[in-house]
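For the protein sequence lines, the chains are A and B, in the order given. Just so we're aligned: the first sequence equals residues 1 to 476 in the numbering used here. Just so we're aligned: the second sequence equals residues 1 to 476 in the numbering used here.
Hint data in this document are derived by calculation from the structure and do not stem from the laboratory. Idealized CB from N, CA, C, for every residue including glycine. Check each hint, because a few of them may be wrong.
To be verified - Simulated crosslink set (DSS-like; lysine-lysine; CA at most 25 Å straight-line): (1) K271/B x K160/B; (2) K278/A x K344/B; (3) K228/A x K271/B.
What the hints assert, rightly or not - Label-pair distances were calculated between CB atoms; the ranges are: (4) P218/B x V104/A: 51 to 59 Å; (5) R282/B x T349/A: 31 to 39 Å; (6) T303/B x D374/A: 15 to 23 Å; (7) G227/B x V104/A: 21 to 29 Å; (8) D374/A x G227/B: 25 to 33 Å; (9) D205/B x D57/A: 28 to 36 Å; (10) D57/B x K278/A: 31 to 39 Å.
What the hints assert, rightly or not - Computed, partial: chain B to chain A, Cβ under 7 Å: (11) G227; (12) G229; (13) E243.
2 protein chains.
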Amino acid sequence: MKSQQEADIMELTQMTREIIQQFRTLSAIPHPSGREAGLAHALAEIFQSMGGTVQTDALWNLRCDFPATAGLEQAPCVCIQGHLDMVCATAPGSHYHPDQDGIVCRTEDGWLKSDGRSSLGADNLLAGSAALWLLRQRFRHGPIRLLFTTREERALDGAKALDPRWLDGVHYLINTDGFQENRIIVGSAGGCYQIWTRTMETAPDPRPAYRVALSGFPGGHSGSDIGKGRINPLRLLAALLAETDADIAALTGGSAMNAIPSEAAAVVVPKDLDRFRKALDRVPQLGGAVALTPLAEPVAVWTPVDRQSALDFLLTLPNGVLAWLPEWPKVPACSANLGKVEWKPGVLTCHLFLRGAPQEALDRTARGCHLIADRCGFALSQEVGYPPWDGVADNPLARRISALWAKRNGTPMEITPVHEGLEPSRLIPKHPDICAVIIGTTILDAHSTHERASLEAIPHFVHLLKDTLEEIALHG
Amino acid sequence: MKSQQEADIMELTQMTREIIQQFRTLSAIPHPSGREAGLAHALAEIFQSMGGTVQTDALWNLRCDFPATAGLEQAPCVCIQGHLDMVCATAPGSHYHPDQDGIVCRTEDGWLKSDGRSSLGADNLLAGSAALWLLRQRFRHGPIRLLFTTREERALDGAKALDPRWLDGVHYLINTDGFQENRIIVGSAGGCYQIWTRTMETAPDPRPAYRVALSGFPGGHSGSDIGKGRINPLRLLAALLAETDADIAALTGGSAMNAIPSEAAAVVVPKDLDRFRKALDRVPQLGGAVALTPLAEPVAVWTPVDRQSALDFLLTLPNGVLAWLPEWPKVPACSANLGKVEWKPGVLTCHLFLRGAPQEALDRTARGCHLIADRCGFALSQEVGYPPWDGVADNPLARRISALWAKRNGTPMEITPVHEGLEPSRLIPKHPDICAVIIGTTILDAHSTHERASLEAIPHFVHLLKDTLEEIALHG
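Please put together the full structure from these sequences, using the hints given.
In C-alpha cells:
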C-alpha cells in the first residue's frame, strides 16, 4: 500500500504535469505585449467550454465569470487576476521572432524553462494556467471572476484602460503576478518615466580621441535591485569624466529606463592621458571592466559650458534609493534610475525612471528632477507614469492567506509591499473598496532567456489558491 | 594561593583604578574646545616629569617625545595621537559652566560616567590617560611620540593647523579616538558644511494662523546614524506643507549641522484646516509627535514664489545616504544632512552638512547643492570643510593589530572605514607615507550627558596598545 506521502507526490506530479501541459499549449501562441489577441481568443474559447461567461475589450483585456458552487452563490466574489502578455527576450543569433514564434518549453532539474531561444513567459501565464487547472476541479467556491489584462509590461496599459465596471461586485482581488510562492505583496510603487534632452554645441578638436567603455557591471531591475547598492556605470563614467576634465564628444549607455545599466561608453579627448588612465584604473575595483581605445580620426567635442551642464545634470540627478519605507525598512520608498543615455550628433537624451510611494513622494522627486534639468538646460520630451498602490500595514486578506499557507507548510508567508509597478495600482483606484493581494508561483530571472519557474512551487500555489477560495466561500 | 585568573583580575582592577584616577585628575581641568591651554599645561608638566621632550604650539597642540627602551632606538617611531578637547554638553538646569567647571566622574555598573551635569569627556581623554599609564610601565618599545591636538570637535582645527614637521620621523600613527574596543578604523569621510540663506518676501495674511510642531523623532549623529533610515522632521514638515498647499510664515528646526534633527516647527496658514490635520495625522506612524496650536494674532506669510522656491530647495537637496562604499556595503560613501533651519524675519537660513569619500564624491555632492540653491534663489553664506582620509582596503598595521587582539581575546577585530570626520584626514596628508589606524576604548553616547565609558574595555585597550608597541619595536 502506498503511503499518504507517496500518494500526495503522485497527485502533485499529476497536477503539475497537467498544468505544464496547459501552459505549453497556451504559450505556443505568440503573446508579446500588444499582440495578445490570439492568446485572448484561445483562452476565451476554453473558458466558454468550461461554462464561463466571457467578455473582451478593444485592448483584448479578457474577463470571464464562473458561477459559484451550488449553495455558495452569496459568497463574496473573488477576482483572480493576471496578465496575458510577456516580455519576449530573445537570445542573440536565435532567429526567434516574438510576434510569430511560440514558446517552446522543457523541464530540467526541477525547473520549467524555455528552449533557450526566448524567455519563458511563466511571468504571468503559468499562474493563469494553474488557475485554469484549478477551476476544472470540483471544490467549494463562491462567484469567481477571471481577469486577464494586456500590455502589463508596457506600463500597465491594459489595466489602465480597463472598464471600471469589470470590477463591479468584486470583493477580493488576487493578483497572481507575485514571483515568489511564500510571499504576499500588499503594496507597490508608482512610476514616473522622464525623457530629458539637451542640444549640445560641439567644436572640432584636433587632439587624439579615445573611446572609453565601461562594461560588466551587475545591472539589474530598477525596482527590485535598486536597493542593492549597485553602481550605475553611466554615473560612474560621468564622474570620471568630470574628475579628469576630459573633453567629451559622445556619451551613451544602458538599455532601458527600467533596467540599471551594466555598461556605458564615451568618446573623449583626455586632458592628460596618464591621469585619465589612472582614474580608469579604479573601475575594476568597483566591479566592472574598462577599455580605452584610440580612435583614428579627430572628433568634435562639447563646448565647455554644455559639457559642464550635461555632467552637472547627470551627477546631480537623484540616483538609487532616496528613502526607505518607514514601516518596512528594507523596502525602498523612493528611487531614481538613470537607465539609458543616448547621443545623436548635437542632442543628448537621458532616460530616467523614478519609483515611489506614496504619490506625493514620487511627485516631489519628479519635481526635483525638473528643477535640476531646468538649471542645466535640459528639456522634458516625455513624462509618463502610473500611480503607486499604497499598501496598508495590516491587510486582512493577506493575514488569512498567510494562515492558510502556514497550515500546509508550517511557516507564515512574508507580507510586504514591493518597490515595483504592479497592476493593482491601476485597478484598485477604480474600486478603492476592493481588498487586494498579490501572490504567485516562484519565477527567477524573468524578462530574460534564463527565465525559469520552480516546478515544486506550482502545486503550492494551486493549493494556496484553492484554500483561499474555499475559505472566502465559507467564511466571507 | 590565588589563581592566575584572580591575579589577572586584581592586576586589571589595579590598572583600571590608576587610569581612572589619572583621568579624574586631568578632567578636573576644564577643557572644552578652544580652551585647552590649562590641560595642555598640566600634561606637559607630567610628560616632562616622565622624561619626555615637550613642545606646544599657538593652538596648544601638544607634542611629547619619549625615548625608546635601550637597544630599540632603531625601531620605527610610533605616534600615539588623541585630542585634548571635549564637547561639553550640559544638563538643563545644572548651572554647569564648561569654561570654569571640571568634570566630576564616578563608576557605576561597569561604566565610567559623569555626575550627570555634563558630558564625561572620555572622548578622548580616557585613551590619553590610559596611554599615559602605559608609558609609566616598563616594557619594550621603540621611539614614541605622543600627540594631543586641540579643537578636534571644531572641524579638526588643531590637527589642521599642526606643523607638518611634528610628524617628521613617524612611521606609524595610532589615533585613539575610536569609541569601540574591538574595531580598527582605517578610513574616514570628508565633511563640507554649507550655510544657505534666502531673503523671503512676506505679506500680511488675515486668516487664522497656527503653529505646527513635529517632535520626538530619533535624531542622531549625522555620520554614524545617517545610514539608519531615520526620518528628518525638517524634510517631513516641508513635504507636508508642500502637499497641503499651506502658507508659511516661519520654518525652523534642528540644533546643529552635524546632528540629524529630532524636531521641526512652522507657523502656517493652512489652506484647508481639515485636510491639513489629516496630513498631520500621518506623523505618529512615522515615529514622531505632532502638535497644532492656533495663534492669537494673524501673521505675514511668504509670497507664493518665495514659498515655492524655499520648499523646492528643502525637498530637492540631497538627503540621507547618497551612495555606499563599494568595498564596505554597510558604510555610507556620501551623505547629506539638513541639520538646522533658522528663520529671522525676512531671511531663511539652512545648515547643510555633507560627508563623503573620496574627495571627488564629496565635491560633486557639494556642487549639486550649489546648482539646486542657484535654481531656488539661495545664496551661500559659508562653506567650510575637511578632507576624507581614504582608507586602503588592506591596511598592514590594522592586520597586525587585529592579530594581536585575536591572540588575547580569541576573535579578530572589525576593520572598517567610518562615515565620520576623524583627525587622520588632516594629519596624513601632511605625511602621506605614514601608516595610520584608529583604535579606542568603548564609549557610548559621546557628546551627551549620558556619555559613558566601559571599565572592562580600559585594560583591553592598554594591552592592545602595549602589544602593538612591542610588536613594532621588535618586528618593525
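The hints, checked one at a time:
Of the pairs offered as hints, the one joining K271/B and K160/B is violated, with about 51 Å between alpha carbons and a cut-off of 25 Å exceeded. Between K278/A and K344/B the alpha-carbon distance is near 49 Å, which puts this suggested pair outside the 25 Å criterion. Distance check on the hinted pair: K228/A and K271/B sit about 41 Å apart at the alpha-carbon level, beyond 25 Å; violated. Between P218/B and V104/A the beta carbon distance is about 55 Å. The supplied range of 51 to 59 Å therefore holds.
Distance hint check: the CB atoms of R282/B and T349/A are about 38 Å apart, consistent with the given range 31 to 39 Å. In this structure the hint that T303/B and D374/A lie 15 to 23 Å apart at CB holds, the actual value being about 20 Å. For the pair G227/B and V104/A, the beta carbons lie near 47 Å from each other, so the given range of 21 to 29 Å is not met. In this structure, D374/A and G227/B meet the distance hint of 25 to 33 Å, their C-beta atoms being roughly 31 Å apart.
The hinted window of 28 to 36 Å between D205/B and D57/A is violated, with their beta carbons roughly 51 Å apart. For D57/B and K278/A, the hinted distance range of 31 to 39 Å is satisfied, since their beta carbons lie about 36 Å from each other. The interface hint given for G227/B is violated, since its Cβ lies 10 Å from the closest Cβ of chain A, which is over the 7 Å cut-off. Restraint check, G229/B versus chain A: the minimum CB separation of about 5 Å is within 7 Å; hint holds.
The interface hint given for E243/B holds, since its Cβ lies 5 Å from the closest Cβ of chain A, which is under the 7 Å cut-off.
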